[in-house]
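J.: Taken in order, these protein sequences are the chains called F, G and B. So for the first sequence, the numbering used here puts the first residue at 1; every next one is plus one. So for the second sequence, the numbering used here puts the first residue at 1001; every next one is plus one. So for the third sequence, the numbering used here puts the first residue at 2001; every next one is plus one.
One should not assume that every hint holds.
Stated by the list, open to error - Each computed DSS-like pair below joins lysine-lysine, with the alpha-carbon atoms no more than 25 Å apart: (1) G/K1114 / B/K2046; (2) B/K2046 / F/K106; (3) F/K106 / G/K1114.
Claimed, not checked - Between beta-carbon pairs, the in silico distance windows are: (4) G/D1170 / F/E664: 29 to 35 Å; (5) F/S564 / G/E1176: 36 to 42 Å; (6) G/D1170 / F/D520: 52 to 58 Å; (7) G/G1167 / F/K286: 24 to 30 Å; (8) G/S1150 / B/H2107: 39 to 45 Å; (9) F/L516 / B/S2026: 41 to 47 Å; (10) F/S564 / G/R1091: 22 to 28 Å; (11) G/I1094 / B/D2135: 40 to 46 Å; (12) F/Y675 / G/E1051: 29 to 35 Å; (13) F/N436 / G/G1167: 35 to 41 Å; (14) F/G128 / B/E2110: 51 to 57 Å; (15) G/E1177 / F/L516: 31 to 37 Å.
As the list claims (entries may be wrong) - Here are some chain B residues pointing at chain F (derived, C-beta under 10 Å): (16) Y2012; (17) G2017; (18) A2022; (19) G2073; (20) S2080; (21) E2086; (22) L2089; (23) V2095; (24) C2104; (25) L2108; (26) Q2166; (27) D2170; (28) L2173; (29) T2180; (30) I2182.
Derived from the structure by calculation, the hints contain no laboratory data. Being a predicted model, the structure only gives us computed values, none of them experimental. Glycine included, every Cβ here is placed at the ideal spot set by N, Cα and C.
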Amino acid sequence: MNEPGGYNIKRRDFLRLALGTGLAVGTGLPVPTFAKAEETEGLVEDSDEVVPTFCSVCSGGCAMQAYVDHGRLVHLAGNPHDLAAGDPFDPDAGGRLCVKGYTAVKTLYDPDRVKYPMKRTNPNKGMGEDPGFVKISWEEAIDLAAEGLNDVIDQYGPESFLVLNRSHPHSVRLGRAIGTPNFVAHQSTCFTTQEAVWRAMVTGGPKPWTYDVENCRYILSFGWDGLGKGKNMQVRNTTRALERGAKLVVLDPYKSVTASKAHEWLPIEPGTDLAFCLAMIHVIMKEELYNRDFVNNYTQGVRELDDFAAEYTPEWAAEITGIPAETITRIAREFADTEPAHIPSHKRDAAGPNYANSWKLAQAQLVLNALVGTIDRPGGTILSRNPSMPGLDEVFPPPEYPEARPERIDAFDRDNPLYAGSIRGNFATLAHGILNEDPYPLKAALVRRYNTLSFPNAVKMTEALASLDFMVCCEIYPSEMAQLADVVLPEPHWLEISGLSARGYHSMYPQIAVRLPTVDSLHDTRGFGTIVTQLAEAMGYGEYFEGVSGDEFNDAQLRAVGTSWEELAGSPHGIWEDKQPLEPRTEFNTPSGKIELYSTVLEEAGFDPLPHWAPRREEPSDEYPYHFLIGRPAMHKMTQTQNNPLLMEVYPENHATMNVKLGEELGIRDGDEVYVESRVGRIKLKARLIEGIRPDCVQVVHGFGHWSRDLSLAHQAGANDGDLIPDMTFEEMAELGDPGVGACMTDFGVKVYKA
Amino acid sequence: MAIMNDPVMLVDQSLCVGCEACTTACKAVYGVSEGIFRTKIDRKDVGSFPEVNISYNKRACVHCKEAACVMACPTGACQKTSEGFTVVDDRLCITCNYCVANCMYGAIEYDRSKRTIEKCTFCLSRLREGLQPLCVEVCTSRVISFGERSEMLTRAGGRLEELRRQGYEDPCIYGEEEMGGLRVLSVLTEGPKAYGLPKDPQIPLGLRVWNAVPLTPAVLIAGGVVLGANYLHTRFIQRKKELAHQPDGETDENGGDAS
Amino acid sequence: MELSPESRILYYTLLSGLLADAVDLSALSSGLSVRRDDPLLQSLVKMTDEWVEREEAETRLRQEYANLFLLPGGVKPYESVYRGSEPMLMQQPWVDVKRFYRRCGWHLDESALPEDHVSVELSFMAHLLSDGEHDESSEFFHQHLNQWIPQLLRDIAENRYADFYQSVTDYGLAFLCAETEICEGKK
């Protein structure tokens, strides 16, 4: 808190003096003080300014123009020069954002935000336990956190410490300095099935995120909802494609927004998309419809593919998918004959980590896209053209790290030779490891922003995290995760900070956007980089952060591409770019240098090089007769937006969505309270009956079911889909033989009944 | 700054994805109370599995040339500006809600907490500064356009052609002739019925009569006329309900469910 | 009630400090010892006496402060929340209050609190009074302070977490009542 300027009155003395002698203001109590306004200071701040920033609601990172009036953020608009938010090919079109981006102003000024560091005074942890938070100073907070973490590390060893966040160079460095192997992030619930396959067959690295859908003439979607999830550039591109007359065919058990715009909607049996794709490959190979030029020059393994596909006839697939063989054949032919055709696949669609066979679906999709020649070609998925920028270790080489033991608390090391040394981790097995102390006790964690609600079997994960001896949570809102922490450290909102971002979601040429603080920090916050540095120093790992400066890092990254922080921050549009025409790649980062339809990399790692048919892990049973689907609407970003009053006004809660007929069968009417139950949990929410969903499915939208009493709007709205999703033991995970170590988010059955 | 001649907004409802960017941006900028909307998304589900048609439709005041709300307003608060937009002057509004009741499109709402009428103003103040309406500027899918009527009609025509080519049998433009012509045109993939829009809406005769009689606030105060007004009003509601109701009694599934 | 200018400065400063952070009970107790008979401070004195004897008083007080003022289950002590068009921080009232400070030639020192936080506004009153700016202080009282702080105090009193702070609200409401006579009387 404030220290008085120029007054030397001690705290205790003040009141006696003031009360006794009637002297005027001293400040023994932490009373706010004032300073003379400079002559040159205007009556108020700049009345009107536009500050460049970029959005952090999702990974799209759309560059924004922040309209600030008298120091108050009043409006956010898309930057027209940004590849993600604007349209550099049509400058008059203007910049746009998505509904979450526009309403982000409300999240900045949310009165529920964490305002100071806090420590818990109630030693008991769990859902519904009041942590008894009290405010502490930053000094005390850092010391307390350091002490708490060190105590655990001293007692149980470095591996007992977990870094649980979306990977950040500072926390990676701290973790490695300590010598823990445990870095866990969420991607195994999100896209690792797709990433593993792209890595093996095309890129030798990450999955590409750019889909040139606007130039595609035949868009084939397997649960991909580019229009409904509300990703800015995907909405723009898909809409444009439709305006230009592209044909859109959607396979999805639920009539998503994208499906509602499709020329054909095929409500395929959940978890059988792989069979459909295999039959498509069969038709295209048999009838020799593939793009010879592309296949012959840029792929390898087409002969093996030919043999492989022979058994996967459309008739065979019709049995499994419920879609007539003639339809499958026709679509295969249309797909191959229309140029360009593509199967866009982003995250969490059918090829995302939803089923045990999802990685194979990702592989089959990649094969199909290669057969029609739309990998890194117009109309297809474009490999990232992001500029190459140095990492933290390159700019600030660290001292040698101690060796960490290889066994991880989530068994990620065991299940995934493809990901050796990666920092992705496994959300589905983490609870198993912690609760069983397998292979050792894990007792402390540094968590940043992840929420308990996003884990499979969220209730069990909450139990696991509550069992930790010490948790430090860096957060902006008093989320469920924060309720389990010993120390909560408030970070600034992304609208209050500086930074830079290469354009990830629509990277057609190198482009970097800058962000500058749109307003002064509202609360007593510190950035994550600063927090980790100070924590490291207090814990005794200061040498790893000596000289490490966030500002210098930003500058070094930019100098590597030929600009500087000063230049970028001062640029008229807040954008640096190197506009170059898209030169199609002719070589790929695989052992053969080609797109490997027969994946030698997968083979080498002990996985099937071709996507032989395999069913999903679990079929609906007598006890749990319905398929479970997860929805993600445009108005919400996972569990992060349910305290935003504007978004909650248009989308206040989630439902158990099912077909009218299923409702009739079960005696459930629209609006009735129902239970949806799986083999691991049960949730209660209102039923919503529609026609646009298979009668054997139940869909629940993700993001609701907040139990933190400190989120005023989010609290108790709807229910958490994550409570239904089974987590896994290490053995269960290993059995799946999935190179993506996917969390099988919907690979189980549910039952529904009136509450 | 003078607004262009005959300004019109074109909403391609066939491509609206119902994301509510326009809904929320409008609320934020105009400080609209909770639960009240100047523009909103209306989701229409028609048919039964698997032949289901789902459409998302932006619904707001369409600034009818012949506006029922203007005719219904007893005080002249609900009026046409010189440019042809329908606005409500709070100073004259007696919150009788006749405009709300008589709107063919359900586009007017009453905010109890502020005791004001809330409806789309076509962002007149922005237009006068040479800007576009806010919803046009924010629409993520870029399916709302703004310009001179003939330009918008040409664009709409192009969309119809493309939709026909894609196999839609009955796409149409809504708003060319309805209510004397609307300032908000819509491209629909099929007839208005599927969208819950009134086909060939007509101003009820009773309302025309009401409008023709020179009622002033002074007259309203007279008790007998108030009674008469209420009687007429009840009849108007009746007529309006009859006209708005679908001819074959079809109602929508989850009508108005925007999620 | 007649209050000397020095007393008014003291009372504003005291109220500001009590609402700025969890109270140091022993310091408060010792300070109040010289004014035990002050009619405005009775409730505070009694509560402080009681609490000084309590076990773990300091922790409880800090918990109460956090629950009342920092966490969403309590009150939101910002003029923006009370008088803005919606219950958010940094609304138009914040801009207006900043303007008022500037017009008087001051700005808020480096602080984790925004200009329209209750502690800041109360401290500003003390500041104006100690500078002898009586007209401006009455204006600030009328235009800002008195428009929302009495309601805030009532909200605190009714909040389920309020325990020690009942005495603070008793004191605050009584004082502001007296202030209303003084400030509004001048108009």
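J.: Does each hint fit the structure? Answer for all of them.
T.: Hint check results:
{"no.": "1", "hint": "G/K1114 / B/K2046", "result": "violated, 44 Å"}
{"no.": "2", "hint": "B/K2046 / F/K106", "result": "violated, 42 Å"}
{"no.": "3", "hint": "F/K106 / G/K1114", "result": "holds, 22 Å"}
{"no.": "4", "hint": "G/D1170 / F/E664: 29 to 35 Å", "result": "holds, 31 Å"}
{"no.": "5", "hint": "F/S564 / G/E1176: 36 to 42 Å", "result": "violated, 56 Å"}
{"no.": "6", "hint": "G/D1170 / F/D520: 52 to 58 Å", "result": "holds, 56 Å"}
{"no.": "7", "hint": "G/G1167 / F/K286: 24 to 30 Å", "result": "holds, 28 Å"}
{"no.": "8", "hint": "G/S1150 / B/H2107: 39 to 45 Å", "result": "violated, 55 Å"}
{"no.": "9", "hint": "F/L516 / B/S2026: 41 to 47 Å", "result": "holds, 45 Å"}
{"no.": "10", "hint": "F/S564 / G/R1091: 22 to 28 Å", "result": "violated, 56 Å"}
{"no.": "11", "hint": "G/I1094 / B/D2135: 40 to 46 Å", "result": "holds, 41 Å"}
{"no.": "12", "hint": "F/Y675 / G/E1051: 29 to 35 Å", "result": "holds, 31 Å"}
{"no.": "13", "hint": "F/N436 / G/G1167: 35 to 41 Å", "result": "violated, 57 Å"}
{"no.": "14", "hint": "F/G128 / B/E2110: 51 to 57 Å", "result": "violated, 39 Å"}
{"no.": "15", "hint": "G/E1177 / F/L516: 31 to 37 Å", "result": "violated, 51 Å"}
{"no.": "16", "hint": "Y2012", "result": "holds, 9 Å"}
{"no.": "17", "hint": "G2017", "result": "holds, 2 Å"}
{"no.": "18", "hint": "A2022", "result": "holds, 7 Å"}
{"no.": "19", "hint": "G2073", "result": "holds, 6 Å"}
{"no.": "20", "hint": "S2080", "result": "holds, 8 Å"}
{"no.": "21", "hint": "E2086", "result": "holds, 7 Å"}
{"no.": "22", "hint": "L2089", "result": "holds, 4 Å"}
{"no.": "23", "hint": "V2095", "result": "holds, 5 Å"}
{"no.": "24", "hint": "C2104", "result": "holds, 8 Å"}
{"no.": "25", "hint": "L2108", "result": "holds, 6 Å"}
{"no.": "26", "hint": "Q2166", "result": "violated, 19 Å"}
{"no.": "27", "hint": "D2170", "result": "violated, 18 Å"}
{"no.": "28", "hint": "L2173", "result": "violated, 19 Å"}
{"no.": "29", "hint": "T2180", "result": "violated, 22 Å"}
{"no.": "30", "hint": "I2182", "result": "violated, 17 Å"}
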